[in-house]
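**Student:** Under mature numbering (1 follows the signal peptide of the UniProt record, and there is no 0), the residues of the sequence shown are numbered -21 to -1, 1 to 175, in order.
Check each hint, because a few of them may be wrong.
[Said to hold, decoys possible] Derived CB-CB ranges, DEER-like:
| no. | residue 1 | residue 2 | range |
| --- | --- | --- | --- |
| 1 | TYR121 | ASP27 | 23 to 31 Å |
| 2 | LEU13 | THR60 | 18 to 26 Å |
| 3 | GLY94 | LEU131 | 15 to 23 Å |
| 4 | GLY107 | GLN3 | 42 to 50 Å |
| 5 | TYR72 | LEU50 | 19 to 27 Å |
| 6 | PHE117 | GLY147 | 49 to 57 Å |
| 7 | GLY46 | TYR137 | 15 to 23 Å |
| 8 | GLY107 | LEU44 | 13 to 21 Å |
| 9 | PHE117 | PRO32 | 17 to 25 Å |
| 10 | PHE158 | ASN75 | 20 to 28 Å |
| 11 | ASN75 | THR126 | 16 to 24 Å |
| 12 | ALA55 | ILE125 | 32 to 40 Å |
No wet-lab data here; the hints were simulated from the structure. For clarity, every value in this text was computed on a predicted model and none was experimentally measured. The C-beta atom is built at its ideal place from N, Cα and C for all residues, glycine as well.
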Amino acid sequence: MKKLILTGVLAIAGLTATANAQIQKGNWMVGGNLAGANFGLNKGGGYDFNIQPKGAYFIEDNIALGGYVDLGFKGAKDAPTTFTYNVGALGRYYLNPGEQGVSNLLHHGRWFLEGNVGVGGTSISKGGSSSNGLNFGFGPGYSYFITPNIGLEGLVKYDANAGFGSGGYTNKITFGLGFQIYLPTSKAKQIINDVK
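Let the hints inform the model, and build the full structure from the sequences given.
**Tutor:** Okay, structure coming up:
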């Protein structure tokens, strides 16, 4: 019984160390969120799909800077199709477990704050409104490390486009689910060399 308890404690300690090791200076983060997908099955049902690939480099422990792309399509039979896009820079700050009472859920995940700024727009077919301009967003998220290099994530974010065109200022709250792959710099270099 003592061996079983000791093994459990060591496993939790190892997972905590893993969560900390993946968000250290010099590592890479690549992945994305599936912000939503809806495919109607009833007569006249439509579709709604949004994907958000992103990548970042840890410039310091717990701080990553990178870029994102956000593409979305929405439509239905005999209805206008809506296309949205956003491209820009993002920043992420992972909270330490001891900061302001932040807990480390199950000892192998981390809370983070994400913000982004870039260009974006919306275009609606069949004479609908359109908007292009500044895209920005911010919100909290949680990354749960299922392996030493893969984190499942949930992210709640305020997202806005302040632009020109008939659409003007648009905003929404999004909830994204996705995953990130965390690679140490040496592993990232090996993958790049293998592709060449």
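**Student:** Take the hints in turn and mark each one as holding or not.
**Tutor:** Evaluation of the provided hints:
no.	hint	result
1	TYR121 x ASP27: 23 to 31 Å	24 Å, holds
2	LEU13 x THR60: 18 to 26 Å	20 Å, holds
3	GLY94 x LEU131: 15 to 23 Å	21 Å, holds
4	GLY107 x GLN3: 42 to 50 Å	47 Å, holds
5	TYR72 x LEU50: 19 to 27 Å	25 Å, holds
6	PHE117 x GLY147: 49 to 57 Å	21 Å, violated
7	GLY46 x TYR137: 15 to 23 Å	19 Å, holds
8	GLY107 x LEU44: 13 to 21 Å	35 Å, violated
9	PHE117 x PRO32: 17 to 25 Å	19 Å, holds
10	PHE158 x ASN75: 20 to 28 Å	22 Å, holds
11	ASN75 x THR126: 16 to 24 Å	22 Å, holds
12	ALA55 x ILE125: 32 to 40 Å	36 Å, holds
Comparing the model with each earlier hint shows violations of hints 6 and 8; every other hint is respected.
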